[in-house]
Amino acid sequence: MATQTPAPSRASGAPREGAAFNLLSQGFLWLWSLLVIVPVVWIVLTSFKTTRQIAADPLGLPETLHWQNYASAWTNGNIGAYFLNTLQVMVFSITGTMLLGAMAAYVIARYSFPGSRVIYFGFAAGMMFPVFLALFPLFKTLQNVALLNTYTGLVLVYIAYSLPFTVFFLTAFFRTLPTGVAEAAIVDGAGHYRLFFQVMLPMARPGLIAITIFNIIGQWNQFLLPLVLMGRNPDDAVISQGLANLALRQGYEGDPGALFAGTVMAMIPIFIAYVLFQRQIQAGLTAGAIK
Amino acid sequence: MKHGRYPFILSFLALPVGLYAWLVILPFAQAFQISLTDWSGSSNSFDYIGFDNYVNLFKDERLVLPALRHTGIILVVLPVVTIALGLFFAFMLNLGGRSRQGRIEGVAGSKFHKVVYFFPQVLSVAIIGILWKQVYAPENFGGLITGAMTAVGLPAPVNGFLADKRFVLAAVIAVLVWSAVGFYLVFFSSAMASIPRDLYEAAVIDGAGRFQMFFRITLPLLWDSVQTAWIYLSIVALDVFVLVYMMTPERGGPDGASEVVGGVIWKYAFNHGEQAFASAVGVVLFFAALTLAVVSLRFGRREQIEF
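Residue numbers (numbering that gives the first Met the number 0), protein chains in the order written: chain A, 0 to 290; chain B, 0 to 306.
Hints in this document: simulated from the structure, not taken from any laboratory. A couple of the hints might just be wrong.
Stated by the list, open to error - So these bits of chain B aren't anywhere near chain A, every CB distance computed over 10 Å:
id, residue
1, Gln29
2, Ile126
3, Val241
To be verified - Reference excerpt, derived from the structure (chain B facing chain A, CB under 7 Å, subset only):
id, residue
4, Leu22
5, Ala30
6, His112
7, Val114
8, Phe118
9, Val124
10, Pro137
11, Gly141
12, Ile144
13, Ile264
14, Asn270
Every residue gets a Cβ at the ideal spot worked out from N, C-alpha and C, and that includes glycine.
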């Protein structure tokens with residue numbers, strides 16, 4: 000009780016200035032929220048308008064719900080196929096990234112061997128490389144082994160480019176795990192492989208989940224790599240690349256409604272996942288940034 | 000347990016390290032090598048020409064020099080604005096509320112704001128590009144801002160914001176800030192969570208206002224996080240291209256008014272068939288990123304405060 004006595008005396012002096020500041024900052028906080036919400040809601044509304052209404056009445060509500068846009072985006076715009084393509088790639092690329100990343104990180108974190116620091120910094124440095132620099136040599140590399148314009152090639156590239164952050168983050172995570180459990184398992188006669196798959200991996204679950212979410216979002220949104228490496232056949236495009244194609248075609252076909260419908264469709268799964276898992280996503284995306 | 004140790008380590012490292020070396024390290028190394036040649040990228044013949052590409056790129060007034068200027072502007076504006084907004088929002092949402100009975104908490108509605116602010120971070124650049132291109136569109140294409148400006152009687156740019164040399168770069172930077180702020184809000188929030196509350200409570204008892212709390216306690220204790228954010232945002236700024244590719248006319252226009260270094264690399268490599276020159280520009284970008292990181296780590300370091 001004694002610690003709270005000064006509070007009333009302060010409250011009597013400061014509130015007026017505090018109230019003005021409160022109002023101002025509250026106003027600004029809401030303004031930024033609107034800045035995020037308004038464009039997104041507006042594009043959803045726009046996706047239900049006819050081409051004529053989009054141009055003539057940008058601020059109004061849709062006259063009727065023009066579902067035609069969605070049908071056209073799904074069939075003519077191929078959005079459905081792009082979804083499947085992306086899933087098909089990511090099932091393998093995410094599994095591969097997590098498996099290879101965890102293996103490398105585990106060995107770097109828990110075993111001391113010559114060269115381990117070099118390997119660790121080699122991976123960590125990869126986070127800083129500007130990807131443009133590698134695009135063309137990468138294109139040639141895949142071309143030489145006939146993996147250009149194949150999903151296999153794209154999966155391998157996704158894995159390779161997701162490894163730096165995954166290894167960096169998981170190494171830190173494996174280091175924090177207690178040694179006691181591992182020692183007990185060794186006493187019980189577990190070998191290196193069993194120790195990893197049956198003891199360490201389950202213990203690392205929180206870290207693995209965080210970084211899996213990070214990689215899913217990162218690879219789902221990947222744009223530059225598929226643009227260069229999967230450029231030949233438009234039907235094979237992944238989702239963000241497909242949307243970009245749609246945006247390009249909309250320029251001369253003049254069907255903006257279908258483009259916005261496609262954009263909204265691409266947003267829906269992300270939106271649902273975000274609402275359901277926003278805590279984990281925020282934690283996962285920022286976790287690596289915090290040492 | 001000693002036995003089988005090295006075979007185990009090798010078996011776990013071979014695939015990840017091999018794949019990484021083949022698809023990441025090697026292409027980067029090749030880019031350095033290519034930058035010293037006159038290779039077009041399509042033929043198999045090339046000669047080594049030393050550092051000619053590097054000398055020439057600083058004479059390229061059509062693409063490279065404007066791009067360096069624009070990327071330089073982004074490099075300053077994006078981190079400053081994003082970090083300032085991120086810190087302000089994080090402070091308000093975590094500590095800025097009225098102190099009830101001496102307890103410090105965020106303002107009302109903080110949870111809602113946090114969820115909303117972060118959302119752009121999970122959208123792909125393709126979606127963000129399409130969305131904002133339409134928001135900035137000219138009035139006769141149904142743009143949101145131009146439409147709203149006309150509705151209240153303000154003169155809107157006839158061709159929209161992206162086809163106007165005066166606005167295009169600012170418009171692109173605004174979208175970059177829009178999509179990044181939420182991440183840094185959450186990033187700074189988790190750093191603020193590790194500052195002990197009794198520091199603030201003691202400050203309140205001593206009669207400190209929110210400004211003093213922010214500048215005397217929060218900011219000094221968050222210095223490391225600000226520095227990390229600075230490096231991240233600098234790298235983001237140097238790599239800006241996809242938004243420009245998606246949103247602007249001629250992928251860097253109008254008249255090169257939104258040309259950025261990434262875009263110039265793209266154009267020389269994939270449109271002009273001057274692979275060696277493009278690689279040289281990329282190498283310059285790489286060293287710029289490296290220098291920035293080293294410099295800010297070295298000179299930004301302050302005394303560690305233990306708490």
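Each hint, compared with the structure:
Interface exclusion of B/Gln29 from chain A breaks down, the closest Cβ pair being 4 Å apart, not more than 10 Å. Non-interface call for B/Ile126 relative to chain A: violated, since the shortest CB-CB distance, roughly 6 Å, does not exceed 10 Å. For B/Val241, the condition that its CB be more than 10 Å from all CB atoms of chain A is violated, with the nearest at approximately 5 Å. With 7 Å as the threshold, the beta carbon of B/Leu22 comes within range of chain A, its nearest partner Cβ sitting at about 4 Å, so the hint holds.
Against a cut-off of 7 Å between C-beta atoms, the interface hint on B/Ala30 holds, since the closest Cβ of chain A lies about 5 Å away. Checking B/His112 against chain A: minimum C-beta separation of about 5 Å stays under 7 Å; hint holds. With its C-beta approaching chain A no nearer than about 6 Å, B/Val114 sits inside the 7 Å limit, and its interface hint holds. Restraint check, B/Phe118 versus chain A: the minimum CB separation of about 6 Å is within 7 Å; hint holds.
The interface hint given for B/Val124 is met, as the beta carbon of that residue sits about 6 Å from the closest beta carbon of chain A, less than 7 Å. At its closest, the beta carbon of B/Pro137 sits 10 Å from a beta carbon of chain A; the interface hint therefore is violated under the 7 Å criterion. This hint holds: B/Gly141 has a C-beta 4 Å from the nearest C-beta of chain A, less than the 7 Å allowed. A hinted interface residue such as B/Ile144 counts as satisfied when its beta carbon comes closer than 7 Å to some beta carbon of chain A; here the least separation is about 10 Å, so the hint is violated.
With a cut of 7 Å, the hint placing B/Ile264 at the interface with chain A holds, because the nearest CB-to-CB distance is about 5 Å. About 12 Å separates the beta-carbon of B/Asn270 from the nearest beta-carbon of chain A, more than 7 Å, and the hint is not met.
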